[in-house]
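**Student:** For reference, the chains in residue letters:
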Amino acid sequence: MTAGPGGHEAALVRVVREEHGRIVGALVRRYGDVDLAEDAVAEALEVAWQKWPVDGVPPNPGAWLTTTAHRRALDRLRRESTRASREKEATSMLDVPAEPLGVVDDDRLRLFFMCCHPSLALETRVALTLRLVAGLSVAEIAAGFLTEERAMAQRITRAKRKIRDARIPFRVPQRDDLPSRLSGVLAALYLAFNEGYLSVGDESGSRPDLADEAIRLTRQLVDLLPAEPEAQGLLALMLLTRARDDARVVDGRLVPLDEQDRDRWSPELLAEGRGLVRALLALGQPGPYQVQAAISAAHTDDEVPWGEVVALYDLLLALAPSPVVRLNRALAVAHVEGPETALRLVDDLDLASYHPWHVARAHLLALLGRDRESQEALDAALALDPTPLERAHLERLRDRA
Amino acid sequence: MSSTTQYLLGVNHGDEISWPEGVTADQVFADVDAFNARLREQGRWVFGGGLMPASSATVIDATGPEPVITDGPYVESKEYLGGFWVIEAEDLDEAMRWGTEASAACHGPVEVRPFQSE
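Residue numbers (my numbering), protein chains in the order written: chain Z, 1 to 401; chain E, 1001 to 1118.
Hints in this document: simulated from the structure, not taken from any laboratory.
Since this is a predicted model, take the numbers as computed values, not measurements.
Ideal Cβ placement from N, Cα and C applies to all residues, glycine included.
Treat the hints with care, since some could be wrong.
Unchecked claim - Here are the simulated distance ranges between beta carbons: (1) E:D1026 - Z:S180: 30 to 36 Å; (2) Z:R71 - E:S1056: 56 to 62 Å; (3) Z:A121 - E:D1071: 36 to 42 Å; (4) Z:D177 - E:G1049: 27 to 33 Å; (5) Z:L281 - E:P1109: 38 to 44 Å; (6) Z:D258 - E:P1109: 44 to 50 Å; (7) Z:R219 - E:S1055: 56 to 62 Å; (8) E:A1034 - Z:L367: 58 to 64 Å; (9) Z:A121 - E:T1100: 17 to 23 Å; (10) E:D1026 - Z:E340: 50 to 56 Å; (11) E:A1034 - Z:Q285: 32 to 38 Å; (12) E:A1104 - Z:R175: 20 to 26 Å.
Next comes chain E alone, as it looks inside the complex (with noise of 0.2 Å):
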């Protein structure tokens, strides 16, 4: 009863990445630093990172015979995942708890997936 699934907490923003009024990107470091500690001392870290901007992905697509390789996003947005953690929770309580400890730290909505348990 104890197991735990993996969650996705995904962070999406447009290019310019905007904070709330008076909030620097130092801050923002220092709040992600301090989750990401908190993460890991509850050994609910699995692994987390920022993406660089969406302008910097390449779409290969090797379903044919060559593969086709597309400069640019798969699919064209004014937000792209921008960065996420993946963690480990007991159910979706849990993950919406450091869901909401994510959005506080990076200063912007944060969205709970769950993976496939297999």
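Extracted from the complex, chain Z is given alone in its bound form (with noise of 0.2 Å):
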């Protein structure tokens, strides 16, 4: 294979995106050991960094990259005689017949699980994920956390010493468990994006796209397991809402979603994200990330049917209530039903230290006429904690006023 100036590199950089949990998860199978797994995929990329500009790129590089981390792992076994037994067990588990399957078998997906287990806090299964699957390093896990690399490195060794001592297992669910052990998967997922989605606009530069990395896991996800609408609902949620960046964000400066310029949208995200939302719609499974993201399209309709948008909001509620639902609800039916029923079902909600409650308060007020309340408001929702892009948004619309 040839490759131009560069080549080696961005070959490298494919594979670890699209390969790196599928060979973690191969090694993991094959040896009972994340960090023994993790380790000889490190070292298989070392290699590779070393010998594809001067050798060329393989023909199959995942296939490379896995025999070449197959046999650092082996490599290593031999080596170790602290690990001479678990070298025998290896060994052994090779004539074992591999364990029943669950719903699907793909080593990638068993991953995914083990490192989405319920057992370990959510922040802690992000970090894993986008370790261990995704192949970020541990300082871009933690430029894109805003943490110090050393405690997400403990966060990390922390969590595989738990995956080996209780012993999560390396396996598909059962069918009964499924949903509830995928929404743990998609939550981690969703977290992964927020905080990419939140750094939009970020100037300090150096934070990787934690976004993309998750709209790529994602999709991964959704590949596995086609049958599941909601990690599709997820993934369409993800593409509606990254659609809109370009639009949200400009010059720094926040923009509300009634004042976007819509030709800045993306048009390829929106018709994918759009798509996935008709086509669960016409499979009548509603779940949370589902009817989020048919409300997410909703928004992005030529004429927004703010009807709708209720309907679906209250279609939300009936499956995952939540005070900060019922906020945006009210919000919506105040195209509907006018600013002062909504203000009405703003002000019986317990929200007083989210600062989101006090700004949409400040804007049905502002509708209103109320304009001194509303100030106070925007105040209130200034002392507590907006991002430095909201806040710098929040200063503008009170001098404005």
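Hints in hand, dock the two standalone chains.
**Tutor:** Structural data, given as structure tokens:
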């Protein structure tokens, strides 16, 4: 295979993005040792960095890395006398017939479920998934979450130790457990996405794009579990959110949805997201992510169908009640029944410590011409914890009035 | 591959055991008995029992030349281990399924923790 300048690097990055989880998964299944699998894959990548520029990129880079990583793992098992018993275990495992299959048999899928086991904290699941499935370095993950690299390394190390000590299985859950376990995986991917989403317009520079990683991982999950509409719902929600990024933050300024320049929305992401939502609606097995995606899609219609949006919020409340959903529903109600009704709904919510509640009140009060109260609500929102982008936006709103 | 690990299912509570509204001690005893029976039927039971209040504990420290005897539990806390099971399970998934049943049976939270393998 020929590769132009930087072709080796591009090929390696692509393989890491696409194959890391599969290779680590295959090694974890074979050797039952997450550390060993992670280190062997890292070593194989090192070898690739050295050899590919000289020998050229192999015809099947993924298979090459897998074989190299397996050899490295075996070398290490032979080398380390302290692991002698584990080598025996690993070799004996080769003779054991494959364990009974779950719903789907795929090493990467098993790895997703292991990394997102419900016995691990949500933040830990995200970090492990980004490290082992997506192949991000600890430094990249730490930068993505604006945490210290050492703290992130510790979190990941602790998690791997728990997997070993508590025997978190490397297995696709039983059919009965699949919906609840899948929602744990989706929650982790959504957290990674939101972390990336919030950093849009963050000028500090070196943050890797966690939103793109989360979309990539969710795509992989959708391919692995094509019959799970919630995974597709989450993918659609991410795509529809991502589609508006360029319009949402312009010149470092936050632009509210109704003032966004629709020409800046990504037509490809929008079309894919809306297409998914249409297919999911036809399927008729609604879940929280699907409904959120449908709400997001409705906001991209030429004329936002506010009555439909309110109905979707009602469905979402029935599936997953939360005061934050009630708040968003109230803002949609403002378009249908007017700001007075909406304000009553908002005031009924016990969300005074949540700055978007004050922002919503400020918005509705301004619509009602109650400018002073609106100002006070903006001040209350600013006194809480808006992101720097939101803060700048709220200050502009306050000064405009 | 079908080897099992032992897990502790621990129940913590304060000096006064308090069950949720409307749950009687008889109800808890009946539920725990039924859970114990299921564990035994499935061959997962190793040991289990309830402990007397932490105030009945005595701490002995024999690391020095003479054993030092202290009245009361080792760690001052609002909650103490009040009872536990030791079970066999294939992995954490199975242990957590038993832990879920244990929590429902004793009407309180249960901590699932693996034993060292050797």
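**Student:** If a hint holds in the structure, say so; if it doesn't, say that too.
**Tutor:** Hint-by-hint comparison with the structure:
no. : hint                         : result
1   : E:D1026 - Z:S180: 30 to 36 Å : holds (32 Å)
2   : Z:R71 - E:S1056: 56 to 62 Å  : holds (59 Å)
3   : Z:A121 - E:D1071: 36 to 42 Å : holds (38 Å)
4   : Z:D177 - E:G1049: 27 to 33 Å : holds (30 Å)
5   : Z:L281 - E:P1109: 38 to 44 Å : holds (40 Å)
6   : Z:D258 - E:P1109: 44 to 50 Å : holds (46 Å)
7   : Z:R219 - E:S1055: 56 to 62 Å : holds (58 Å)
8   : E:A1034 - Z:L367: 58 to 64 Å : holds (59 Å)
9   : Z:A121 - E:T1100: 17 to 23 Å : holds (19 Å)
10  : E:D1026 - Z:E340: 50 to 56 Å : holds (55 Å)
11  : E:A1034 - Z:Q285: 32 to 38 Å : holds (35 Å)
12  : E:A1104 - Z:R175: 20 to 26 Å : holds (22 Å)
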